[in-house]
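Asks: As given, the protein sequences belong to chains E and L, one line each in that order. In terms of our numbering, the first sequence has 212 at position 172, counting the first letter as 1, and numbering is strictly consecutive. In terms of our numbering, the second sequence has 74 at position 34, counting the first letter as 1, and numbering is strictly consecutive.
Quick caveat, the hints were computed from the structure, so don't treat them as lab data. A few of these clues could be false.
Copies of the same chain look alike in the list, so a pair counts if it works inside one copy or between any two.
Unchecked claim - In silico lysine to any residue, SDA-like type, Cα no more than 20 Å apart, as pairs: (1) K323 - N116; (2) K368 - S292; (3) K297 - T280; (4) K349 - D246; (5) K366 - M43; (6) K366 - L57.
For reference, the chains in residue letters:
Number of protein chains: 2
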Amino acid sequence: MQMKAWSVQKPGGSEQLTLVKRQVPTAEKGELLVEVSYAGINRLDILTRENPAMKKPYPILGVEVSGVVKENHSDNPSLEPGTKVAGLVKKDAYAEYAIIPAGRAIILPKEMSLKDGAAIPEVFLTAYQTMYWLGKLQAEETILIHAGASGVGTAAIQMARKISNARVIVTAGSQEKLDFCRELGADVTINYKQENFDEIVQKETDGHGADVILDFIGATYWHKNVNSAAVDARWIFIGTLGGVEVDHVDLSAFLGKRISFIGSGLSPRSDDYKAALAADFQKTVIPYFQAGKIKPIIHQTYAFADVAKAHQAMENSENIGKLLIKVKDA
Amino acid sequence: MQMKAWSVQKPGGSEQLTLVKRQVPTAEKGELLVEVSYAGINRLDILTRENPAMKKPYPILGVEVSGVVKENHSDNPSLEPGTKVAGLVKKDAYAEYAIIPAGRAIILPKEMSLKDGAAIPEVFLTAYQTMYWLGKLQAEETILIHAGASGVGTAAIQMARKISNARVIVTAGSQEKLDFCRELGADVTINYKQENFDEIVQKETDGHGADVILDFIGATYWHKNVNSAAVDARWIFIGTLGGVEVDHVDLSAFLGKRISFIGSGLSPRSDDYKAALAADFQKTVIPYFQAGKIKPIIHQTYAFADVAKAHQAMENSENIGKLLIKVKDA
Numbered sequence: 041m042q043m044k045a046w047s048v049q050k051p052g053g054s055e056q057l058t059l060v061k062r063q064v065p066t067a068e069k070g071e072l073l074v075e076v077s078y079a080g081i082n083r084l085d086i087l088t089r090e091n092p093a094m095k096k097p098y099p100i101l102g103v104e105v106s107g108v109v110k111e112n113h114s115d116n117p118s119l120e121p122g123t124k125v126a127g128l129v130k131k132d133a134y135a136e137y138a139i140i141p142a143g144r145a146i147i148l149p150k151e152m153s154l155k156d157g158a159a160i161p162e163v164f165l166t167a168y169q170t171m172y173w174l175g176k177l178q179a180e181e182t183i184l185i186h187a188g189a190s191g192v193g194t195a196a197i198q199m200a201r202k203i204s205n206a207r208v209i210v211t212a213g214s215q216e217k218l219d220f221c222r223e224l225g226a227d228v229t230i231n232y233k234q235e236n237f238d239e240i241v242q243k244e245t246d247g248h249g250a251d252v253i254l255d256f257i258g259a260t261y262w263h264k265n266v267n268s269a270a271v272d273a274r275w276i277f278i279g280t281l282g283g284v285e286v287d288h289v290d291l292s293a294f295l296g297k298r299i300s301f302i303g304s305g306l307s308p309r310s311d312d313y314k315a316a317l318a319a320d321f322q323k324t325v326i327p328y329f330q331a332g333k334i335k336p337i338i339h340q341t342y343a344f345a346d347v348a349k350a351h352q353a354m355e356n357s358e359n360i361g362k363l364l365i366k367v368k369d370a
Numbered sequence: 041m042q043m044k045a046w047s048v049q050k051p052g053g054s055e056q057l058t059l060v061k062r063q064v065p066t067a068e069k070g071e072l073l074v075e076v077s078y079a080g081i082n083r084l085d086i087l088t089r090e091n092p093a094m095k096k097p098y099p100i101l102g103v104e105v106s107g108v109v110k111e112n113h114s115d116n117p118s119l120e121p122g123t124k125v126a127g128l129v130k131k132d133a134y135a136e137y138a139i140i141p142a143g144r145a146i147i148l149p150k151e152m153s154l155k156d157g158a159a160i161p162e163v164f165l166t167a168y169q170t171m172y173w174l175g176k177l178q179a180e181e182t183i184l185i186h187a188g189a190s191g192v193g194t195a196a197i198q199m200a201r202k203i204s205n206a207r208v209i210v211t212a213g214s215q216e217k218l219d220f221c222r223e224l225g226a227d228v229t230i231n232y233k234q235e236n237f238d239e240i241v242q243k244e245t246d247g248h249g250a251d252v253i254l255d256f257i258g259a260t261y262w263h264k265n266v267n268s269a270a271v272d273a274r275w276i277f278i279g280t281l282g283g284v285e286v287d288h289v290d291l292s293a294f295l296g297k298r299i300s301f302i303g304s305g306l307s308p309r310s311d312d313y314k315a316a317l318a319a320d321f322q323k324t325v326i327p328y329f330q331a332g333k334i335k336p337i338i339h340q341t342y343a344f345a346d347v348a349k350a351h352q353a354m355e356n357s358e359n360i361g362k363l364l365i366k367v368k369d370a
């Protein structure tokens, strides 16, 4: 059986995106075949699209979907056909059908829409992994979240407030974004274009600093992040929007404040890691969704035909929360 | 009652060391008064001695001793007077009497001499904390230990081999030091003056790299340490013998290899932390000493009168293993 999917004509800009016909994938033991309702847009998809090292046949883009189980090849009876799930796919997400390894399927609560579900996997799992598995965020600690209005940022703000009652400090580049972060629970909002965030962090914490830093930025924020770190800070580095080369790095602060600087990323992790993370997330965080205390943040949903527009929106950082494409009505 | 102790006339070189008379300290609840047999020399003592910010009255130097319990003000019956102990003192170690908080006293096995015991606390606890609490060294992993012949280095080599059957790669600056590291169990020894250690690490691990790096060096080894790190490496930074300012830092390796760079130090930790570490160490590592599988490494023992000579030896990095001063025969 054939299906429609999005690939590229050749590596490059969004004009290279092309709708193709591919075979519906075959689920193997331990996997689910899912009829896709929505696929999420991620910055990684754009890096893949542009990657000059990509080999033919060019892949279907995307890493996450929501949808309905069509075939359950696992021994988990909770995943029978008809179950609403979301998750990180094995590969190939912008398509009518996708494979999710059963271990990393998130079972959506009955009251949650498939659209809302599609806004969960990548950003919430990344934020959860970063804050809790790597950052070991403790109750009442202070967390500094850069790019607060991004998909991962909006997920992180909510979890930090609702799960940990943390003090949340965010940076973003517009008043609209900062206002939205405050609605989600941010205690302190900083426009990085107008203010030195390290000075605000020090002032707002009476010199204590941030116990956890979520850093999508890298080089351009390096020195200010060092200044913002508390003693025993866990500074989790998961993106390079501000470049990768830093000069005049002073290591003495890392000794004096016992800073942990931890580079990470979710996508290249092992299957076992992703499954364990999804299981922990299902148990720990999904109840907050059911109780309405945490919500998926969706900026805009695009028609399946409009993937190029969705990519352009992400490239322009226009979004507050997730960008989705609608593949099929559930 | 008065005792003899070593302080400084004013902050400066080893010529400023001065023998003084002080009151025997008073043990409070939860503490031990210990009659000191040996005190260990540490690089921190030299930093203290030189510290221009030091205020009068100048302190007694030193952070660790071995000795015999004179008064037990804790409720731990295993620490009755006459017990042989070693440990990190509350403060003031180069003296005839010292206070050890009971929680961080290491009870020495009967067959171990007080001299050997004095070579344990600072270097073995630091190496243990660094490798296991921070570096999470797993069985059969590869560890890169810089300054392999130092006090912490010689402790780390032995524990990595005997507790974790790790593959141990060391750097040092002379053939004599490297030979000694090999006797202690190092699998690969590198003279950093003659070879690029990152190339050897890559070659000897077939491109895998080091899972854990013990870094006392800092700036001058930065780029080679990045090159040496394995995917998911834990790089523990505990000393600045090679300076603190680094240029051309490339953050992309931290994302690509998911490197954790963790600054730390044992001395400024809380009392609770030190007590928990000592308790874990007593349970996990002391049995290896009893079985003769791990041994304290002592380079030289100086008479109580010769503290200045001991400091000079440390400043010249002459030592393989610990430098001690003998305060009293047990």
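Asks: Against this structure, judge whether each hint is valid.
Replies: Structure-based check of each hint:
1. K323 - N116: within (16 Å within a copy, 42 Å between copies)
2. K368 - S292: So K368 and S292 fail the 20 Å test inside a copy (55 Å) and across (38 Å) alike.
3. K297 - T280: between (24 Å within a copy, 14 Å between copies)
4. K349 - D246: neither (44 Å within a copy, 45 Å between copies)
5. K366 - M43: within (15 Å within a copy, 81 Å between copies)
6. K366 - L57: Only inside one copy: K366 and L57 sit 16 Å apart there, 76 Å across copies, limit 20 Å.
The structure shown violates the earlier hints numbered 2, 4.
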